[in-house]
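Please take these sequences and the hints and turn them into a complete structure.
Residue numbers (our numbering), protein chains in the order written: chain A, 1 to 502; chain B, 503 to 998; chain C, 999 to 1073; chain D, 1074 to 1417.
Among these hints, one or two may not hold up.
[Said to hold, decoys possible] Away from chain D, derived, C-beta distances all over 12 Å, residues of chain B: (1) W528; (2) D568; (3) G669; (4) L804; (5) L838; (6) A930; (7) F972; (8) L975.
[Said to hold, decoys possible] Listed below are several chain D residues computed to face chain B (Cβ distance under 10 Å; list not exhaustive): (9) W1208; (10) L1231; (11) L1238; (12) R1239.
The hints are simulated quantities; they were obtained by calculation from the structure and are not laboratory data. A virtual CB, placed ideally from N, CA and C, is assigned to each residue, including glycine.
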Amino acid sequence: MTNVLQYLEQTVREKPYHLFLTDGQRGMTFREVYDQARAIGSCLIQSGVVGKAVAVLMEKTPRTVAAFLGAIYGGNYYVPLDSQMPRGRLEAIVDFLAPGALLWDESTRGLAEALPYSGTRIGYSQAAFGMIQEEPLRAVRKAQLDIDPIYVVFTSGSTGIPKGVVGCHRGVIDYVEQLCPALGFDGESVFGNQTPLYFDACLKELFPAMKYGGCVHLIPRQLFSFPVRLVEYLNQHQINTLCWVASAMTMVSNPGTFERIRPRFLRTVAFASEVLPVRQLKAWRKAAPGARFFNLYGPTETTGICCYYEICRELEDDEPIPIGAPFPNTQILLLDEEGRPAAPGAPGEIYIRGTRLTLGYYRSPEQEAGAFVQNPLQNSYPERVYRTGDMAMRNSRGELVFLGRRDQQIKRMGRRIELGEIEAAAGALPGVDSAGCVCSGEPQRLILFYTGPAEPEALLTGLKQRLPRYMLPNDLRPLEAMPRTPNGKLHRSRLRELADQG
Amino acid sequence: MTVQSPWFPLFTAALLVIYYRVPGQWQWRVLLTGSGCFYLWAGKAYLGFLLLTLVSTYLAARQMGDGQGREDRKKRRPWLILCLTVNASALMLCKSCLLPGAKELLAGSRVEFLTLGLPLGISFYTLQTMGYLIDVYRGTVEPERNFGKFSLFAAWFPQLIQGPVSGFSQLGPQLTAAHPYDGQRLSFGAQRVLWGYFKKLVIADRLAPAVTALRQEQTVGGGFLVLTILYAVQLYGDFTGGVDIALGVSECFGIRLPENFRQPFFAKNTAQYWRRWHMTLGTWMKTYVFYPVSVSAPVRRLSRWARARLGGFGKRVGVYLATGVTWLATGVWHGLTPNFLVWGMLNCLVIVLSQELTPLYRRFHSRFGWKDKPWYGVFEGIRMFLLMNLIRACDLYADPREYFHRLLSLFSVPLWRQPVPALGLTGADWGILALGIGAMLLVSLLQQRAGSLRQLLWRGNPWLRYGLTFLLLVAVLLFGRYGVGYEGTNFIYSQF
Amino acid sequence: MERLLRMLTQLHPEVTFTPDTRLLEEELLDSFDIVTLVSEIDEEYGVVIPAQELIPENFATGTALYRLIRRLGEG
Amino acid sequence: MKKWCAFLCGGLILGLLQGLLAPKYTGLTQEGGLIREYYQNAGGNDVIFIGDCEVYENFSPITLWQEYGITSYIRGSPQQTIWQSYYLMEETFRYETPKVMVFNVLSMKYDSPESTGSQSRREAYNRMTLDGMRWSSCKWKAVNASLTREERRWGGALTYLFPLLRYHDRWSELTAEDVRYLFHFQPVSHCGYLMRTGVEPMTEALISAPMTDAELGQTSWEYLDKMVRLCREHGTQLVLVKSPGLYPVWWWEWDRQVTEYAREQELLYVNMLPAQEEIGIDWMTDTYDGGLHLNVSGAEKASAWFGKILQEQCGLPDHRREETVSALWEARCRAYEAAKAEGR
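Written as structure tokens, this is what we have:
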């Protein structure tokens, strides 16, 4: 298996008219996705776009996925763009990307025409319903290697300049081959996709569904503000597999939704990209007793999830959920500042080693230098590993536990304080929905922001029982809603600005 | 092209026009070609069977009729036996090659069995040819020299659907005789055809879904009784309707076929019943099975021996044996499946019992003077109707055990508590059925008293006649159950 | 002839038979009676009536029947 | 004599009954009344559209007139099969000789009467197409081509000659409409276009039915050949079109075969599916039944786009300046605008 398209071609032979993707309005069977993708590929080749980036500026619909695969059929790599992002950032990315072609459809017509882009613009229907040329497609396919890039995904870089991570066939194939058996995906899996298509999180739903002939429901975004209607949607479509971000899980379980309605068909629930408070996890486990729960960890730079932990025991309220162990064929190294293996039980920075590593950052070698480094443990041959910048340690059971960003550790009164720990402690207290802790100003003051009905005084007394004195925040500020980045992570820079305003 | 197809009336009308235009001696040839086309259109599959039996019967008859076989019966016997075996085996082959298929279908509802394609009453046709053959063998009939005329007699198309079975001496000459145009006879024929269509399309086919539904449900007790009555009416409408169409069409051509029914449900006892229901089959069985068997040497020796030993009862042993054989033959003729044999034996049993019980009846009636009371006549009619049709219901179930289970349930399960399932008929349907059955009853009563209604009408005011006929036509066109929406059920009796 | 009439009354005691009562038209004789009659005649007169003779004309009246028996008797 | 007048009035009554019982297509199923409306508007049409619902729902002759001065008429009916289309074309040439004959190729996917669906469905659709046709040799041939072998043997063609034989059981469903429209019918279309003003975006995920066969059937190709020959005889240009409806799916294998055929026969084949963006069809606002057919706004966009191709490729004259023609069409436009405003 050297090409991700082989997943699609194998399934099209077995169950061509099985539903592959649907967004509640338009459904596409494998056969339709296969035909339209090849038509798009032929159209791209015909317009001379081969081996280039293809920007896909479309809403989240089944056709968008067909456009992605169409780009790969044309020997290119797709770059999903978020049509909701601020115009300036979008133009910066397109300018920075300089794609070979821009795919748009009726819903993003205005935006596509307004962009200052001089390359070829192609309407979705014009490509997808055009003529399929078998010969050019076969020629392009023959030239494709498994290390060819298939996508570029822009992450919300903490430093402002968008980082484009370039993923290839090899990374995705290895990822899918390890992920599916571990999480139990198969032909019966019906995925309820929540994450936007312009992030790498959706890979773990699209490609497994393509491999086994499962079905992906692109859940309409507005449903996520009405949790009861969302669970009805899950039950109505018998969705049995969820791979959501933690904040989405919390948003559903928090307001007592499960008293009114329970998801009836869940088999696998995985949450990622952030720490899920144990209280929310318990609510979910009570609501879906039959499901298996997984805590996933993995940066975009390693094509997605590299560690997973199946929740198999009762966790204490304030105990952080471990990220468990890496997938086979992937290794996690815990190293200290000097690059030596951290002492057992001591925190260390996570380095990831394996074929899963992506090709690197798009057109920004300097960023790459910081992240993809030579393996500090040996220097007898060149070996790239990815330095995540995340801190973790092994607990008494040998399970990896995520501590937080390296830059999120601060020294205060001579002690290392893990802001993540403070947040976890606050999150465990009743009346606290979510918590974010930052330190700012001189001398350093710890400011904890939280959402939820709890009173600052009650919160402080609660924290006193859980945190050493030197870790108690100086100031507790309730917020209406916790600022989040587009992909659902805590927007820490915004919190810092709020803290500075004082 | 079954009779319900719109082609049939057009085909008949066209044939009539040609028939009355062609000079007399050519008329029978027109009929022959007409029958040929009808057969080609409706039952190509059985052309081979038809030709085989026609040729074999014709040759055997010629052999027996003339040449040295003429005087000496011994010489004629081998030809008779040879031809009879050929025809009978051909018939059984046709039935059996269908029967394996029919086996599973029998398990299904009766309607599927009905639409099973054994088109054009193969059995009626075979009886007619065998009858002709035996007549020639007995010398009562001169064999027909001209093969065309003979095949016209054997395959005269109105008869092909479901009889009646007619003898050569009675039908042969009519077919070949010239028939000038006669308006009255034509309108009589047309009216009879219309009446046949009314009974078939408006009444019988409307009841068909109800009978099928009842039959498929596990109806016992009261439900079974309702099923029996409905099936009786459906069968009456279907069979007499089909025969009326055949007789009517034939009458239009000036050819009178023997009557098959005479108000059968007014019969008082079994003997009367079997003289009013399916009369041509009855007479055929009597002349070619019952009498020969009862007169044959072995039976005579047996009855002499029995009379010597058993006295009074002994006399009747021979007759009962002959009756048994006749009813066995009738059952087999209806179908090779067990339920028809059981049906035959049941009828035979009823006849033998009523014969044995006649002295008891006489004593009973002498004591109570009810015999001539009017209501007793009605009672007898109802009793006979129920008895005959309860036996008739045996046709509905392929497996006799199922039939007997339901029959006994009449006595075990209280009649009214058994819920009768929805019969798939709307209020309007029941209304039409009530009116239709009322009309049939009225016509039967009038026929019983005043003979042919059509004579009555012919003498009356012509406008009344036109009005009534037109009303009948509209009723058939509007309320008939035919056309694309309905699965045209073949004539029940066209399967035999 | 008397023997014949006796046979007929034996079959149907309630009917008084005369040589020309219409046996068939008034449905006095059914197929049963005809067959029992034939075996009786065979018994009494030793005359075998073949099947093809069992036709309505021969059994229309007592006299017709008697004429049949005599014809078969000599023939 | 008495007999003849009896027959006469008997026949009259039967004829009256037949008219009474025949469906009038005034209520919901208006599609049944499309074919019969052509005969008053026959003549003077440069373009005749022929095909199934993708023709009478997705094109508007009024827009063609308003934008390009093209005079056109649509002879469409529900699930019109290719053999019915061919005989309709043959019949049309008896009334007029248009410059262009446009045929929607979707119906080529049905290769035999049996393949169009269950018997009751086929019967309903056949009736809507064939009952409206006036009696002629074309209608007889169309009827026999639309029936299956058993239906022909049973005498199905006669039930078209005498509709009473088919609709006799409607006696229990008669309404006032049947009486009011006994002798005349109420026009329901605008030059054959059945206007739908409703808007119902795609709400229920439409999933494509499996492809029956990669190869279009032999019967379809035979009838297409016949169409080409027929149009060549009359000097009319045959244009093949696939209207932009998404469902049922027009598989690309079929599209490839039709494109090749069009190239061999030097025919203009316009597949409007790839041009959805160009036409500007938005399946959220331009459909009245959740994505199956276009509503009036969609039809106008499609007609405007297709009109330009007709004008350029087929060299159709602009009749808007001709007095007589524009008078007639002005009336039609007024009725069209009124209906649109009324939101029928």
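Each hint, compared with the structure:
1. W528: It holds; W528 (chain B) is separated from chain D by about 27 Å at its closest Cβ, greater than 12 Å.
2. D568: With a cut-off of 12 Å, D568 (chain B) remains clear of chain D, as the shortest Cβ separation is near 43 Å.
3. G669: Holds, because the least Cβ-Cβ distance between G669 (chain B) and chain D comes to about 34 Å, which exceeds 12 Å.
4. L804: 54 Å, holds
5. L838: 28 Å, holds
6. A930: 5 Å, violated
7. F972: Given that some Cβ of chain D is not farther than 12 Å from that of F972 (chain B), nearest at about 5 Å, it is violated.
8. L975: 8 Å, violated
9. W1208: Constraint on W1208 (chain D) not satisfied, violated at 17 Å.
10. L1231: 4 Å, holds
11. L1238: Hint holds; L1238 (chain D) Cβ to chain B Cβ min 6 Å, cut 10 Å.
12. R1239: Holds. Min distance 6 Å.
When each numbered hint is compared with the structure, violations occur for hints 6, 7, 8 and 9.
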